[in-house]
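Student: The primary structure of each chain is shown beneath.
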Amino acid sequence: MADLSAIEAHRILIGSRIRSQLAYRTSFWLNVATSVAVGLVEFLEIYAIFANVSVFGGLDLRQSALVFALANMGFALADVIFGQLDTIPTYLRLGRLEVLLVRPMPLLLQLITADFQLRRLGRLVVGVVIIFVVLPGLDLGYTASTIYLLVITPLVGAAIYGAFFVTAGGLQFFLIDGAEFTAAFVYGGGYAGQLPGSVLITPIRILFTFVFPATLTAYLPSLLIMGLPGPEFLPAWLGWFAPVFALWAGALAWLAWRAGVRRFTGAGG
Amino acid sequence: MIAEPIVQFEDLCRSFTIRRKAGRLRRHAKIVHAVDGITASIQPGEAVGYIGANGAGKSTTIKMLTGILVPTSGRVRTCGYDPVPQRRQLAREIGVVFGQRSQLWWDLPLRDSFRILGALHRLSTGEATARTEQLVDRLGLADLLDTPVRQLSLGERMRGEVAAALVHRPRLLVLDEPTIGLDMISKERLRHFLIAERAEFGTTLLLTTHDMGDIERLCERVLVIDRGRLAFDGTLPSLAERVALQRVLVVDLPEPSPDLQVSQASHIGSDLDGQRQRLAFSPKETTAARVLAEVSAVTEVVDLTLQEPAIEDIVRTLYGVA
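In order, the protein sequences belong to chains A and B. If you count the first sequence from 1, position 138 lands on 138 in the numbering used here, and the numbers rise without skipping. In the numbering used here, each residue carries its 1-based index in the second sequence increased by 1000.
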């Protein structure tokens, strides 16, 4: 699986990209600042809700902030790696995919690394800062399982959101102009993941748990971390199975991607 | 031992379904046969020109043999591989230049593009460096290596593209309209390079073009495709026998004149009461300069242009004669 030449090629490519991005310092930092601002605005939405109510979906501000921060970290990581995939419609329109197909490397890997953007890491900062602000006030007993969940959740979340990006990427081969659809699907999933899952109406709650497992990226593991029970259809113990849900999301993504590429090469879906 | 063909088409077909709205709910599905039963093979070391009008099926064929598109029916094998399922193995054996689509990383210096491609093709650092140096030297790219690709001129970029396609020493080089938009000097430079490269490594060349000059300079064999079918498959001289590959010299004279009569070319038309006249000649028998000298002896020439034979005319004549 580990192909040294692929790693080497992408090391050069990403290294070269980072160098060219850092060459324009002002522009780079402005971009990072924008990324941070996007994350902050998203958090403000949660904060604004708590200006009116003291409990939201069974969680208080601190608890909701933990959910938000974990989801946001996962999403930011996925965005750094897979965020490129929303440019597939451009590739299709300009006929640039053909060029990638005559190289000895999987298409997905090439697309992911085609335009690596370091600035996307800016979003990660927001999540990390919020975590460190809210954790002391949450009064958690730091057991091995709590620490395990705090560490693993952003990574599993990144895998799940990454799978969303790939699923949407695969579907774009079937849509004439798929950028809006991808945005709705990926960012909609991201938004659903940042909210306490209990506020979603039941069908949406089920959809974003058992089909597109967004609630597994933060909400359910957070309930476990805080020792709270889950709402209807969403028992907190499901949170332990987040890696299994990530595998499921990955399988879905693989199928969608394969169907998309087959559609492009005319091999049938 | 008979060498396996490097490219083999057996009754190759590709059709597309185009759906159009017809009324509120009904939709018309129209099937377009882009490639409609092509059988041909290309042996290792050949240089083949693949020509046809726009929409004749050239690009579709290229996509099928490079592993971008699956045939609707029939069979294609390239370098012994089934192109789409074995796309990645095939990619190591072929180099492809799509004239209008860059394979270089537009915001990175040319040097980095070559390094990345070398690594993608699993070349050792020594191998990649030696080959890149050779290509850079022969294509005159040394001064451009640190320039981001987006700042290169079309001619410079195209030389970069050809170098990029050859870094891994492919057995088959596929060039899709490599000289489109290039000036005469850039075209010649590229052709010189390709001739030398093939002489040294015996690389098989498949070239689609609108420029008969490319074909005449580079190819021994020509395939003509028209509406998805092969209209001609043979050597360049045998194509020339069936179709007059004539150049047309267009001269502008100072005033309306009677039709010019010259011994080395035939008058094929006049405009503006003979102020502009068109003379066709065969480049095998004479040169533009000789025809011009003969015209100049009779009258003053204000301006002139030289026209290459158009692919469309060649195809039309093929059908007219056949």
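Do not take every clue at face value.
As the list claims (entries may be wrong) - One-sided excerpt, in silico: chain A residues whose CB lies under 7 Å from chain B:
hint	residue
1	Glu-8
2	Ala-9
3	Ile-12
4	Leu-13
5	Ser-16
6	Gln-21
7	Asn-31
8	Leu-92
9	Gly-95
10	Val-99
11	Val-102
12	Arg-103
13	Glu-180
Claimed, not checked - Far from chain B, by Cβ distances over 12 Å, these chain A residues were calculated:
hint	residue
14	Ala-6
15	Ile-7
16	Val-32
17	Ile-49
18	Leu-94
19	Met-105
20	Ile-131
21	Val-151
22	Phe-210
23	Ala-236
24	Ala-251
25	Gly-266
Since the hints were derived computationally from the structure, they do not count as laboratory data. Only a predicted model underlies this, so the values are computations on that prediction, with no experimental measurement involved. Beta carbons: idealized from backbone N, C-alpha and C, even for Gly.
Student: Next, verify each hint and record whether it holds.
Tutor: Status of each hint after checking the structure:
1. Glu-8: 4 Å, holds
2. Ala-9: Cβ of Ala-9 of chain A sits 4 Å from chain B, so the hint holds.
3. Ile-12: 5 Å, holds
4. Leu-13: 5 Å, holds
5. Ser-16: At about 5 Å, which falls below the 7 Å cut-off, the nearest Cβ of chain B leaves the hint on Ser-16 of chain A intact, so it holds.
6. Gln-21: 9 Å, violated
7. Asn-31: Interface hint status for Asn-31 of chain A: violated (15 Å vs cutoff 7 Å).
8. Leu-92: The hint is violated - Leu-92 of chain A has no Cβ within 7 Å of chain B, the shortest such distance being about 12 Å.
9. Gly-95: Hint on Gly-95 of chain A: holds, closest Cβ of chain B at ~5 Å, below 7 Å.
10. Val-99: Val-99 of chain A check passes; min Cβ-Cβ to chain B is 5 Å, inside 7 Å.
11. Val-102: Val-102 of chain A check passes; min Cβ-Cβ to chain B is 4 Å, inside 7 Å.
12. Arg-103: 5 Å, holds
13. Glu-180: 21 Å, violated
14. Ala-6: 7 Å, violated
15. Ile-7: It is violated; Ile-7 of chain A is separated from chain B by about 9 Å at its closest Cβ, not greater than 12 Å.
16. Val-32: 18 Å, holds
17. Ile-49: 42 Å, holds
18. Leu-94: Incorrect as stated: the minimum Cβ-Cβ distance to chain B is 7 Å, not above 12 Å.
19. Met-105: 6 Å, violated
20. Ile-131: 35 Å, holds
21. Val-151: Holds, because the least Cβ-Cβ distance between Val-151 of chain A and chain B comes to about 33 Å, which exceeds 12 Å.
22. Phe-210: The assertion about Phe-210 of chain A holds, with a minimum of 34 Å to chain B.
23. Ala-236: The claim stands: Ala-236 of chain A keeps its Cβ more than 12 Å from every Cβ of chain B (closest is about 45 Å).
24. Ala-251: Check passes; 22 Å lies beyond 12 Å.
25. Gly-266: Given a closest Cβ separation of 5 Å, the condition is violated.
Of the numbered hints listed earlier, those contradicted by the structure are 6, 7, 8, 13, 14, 15, 18, 19, 25.
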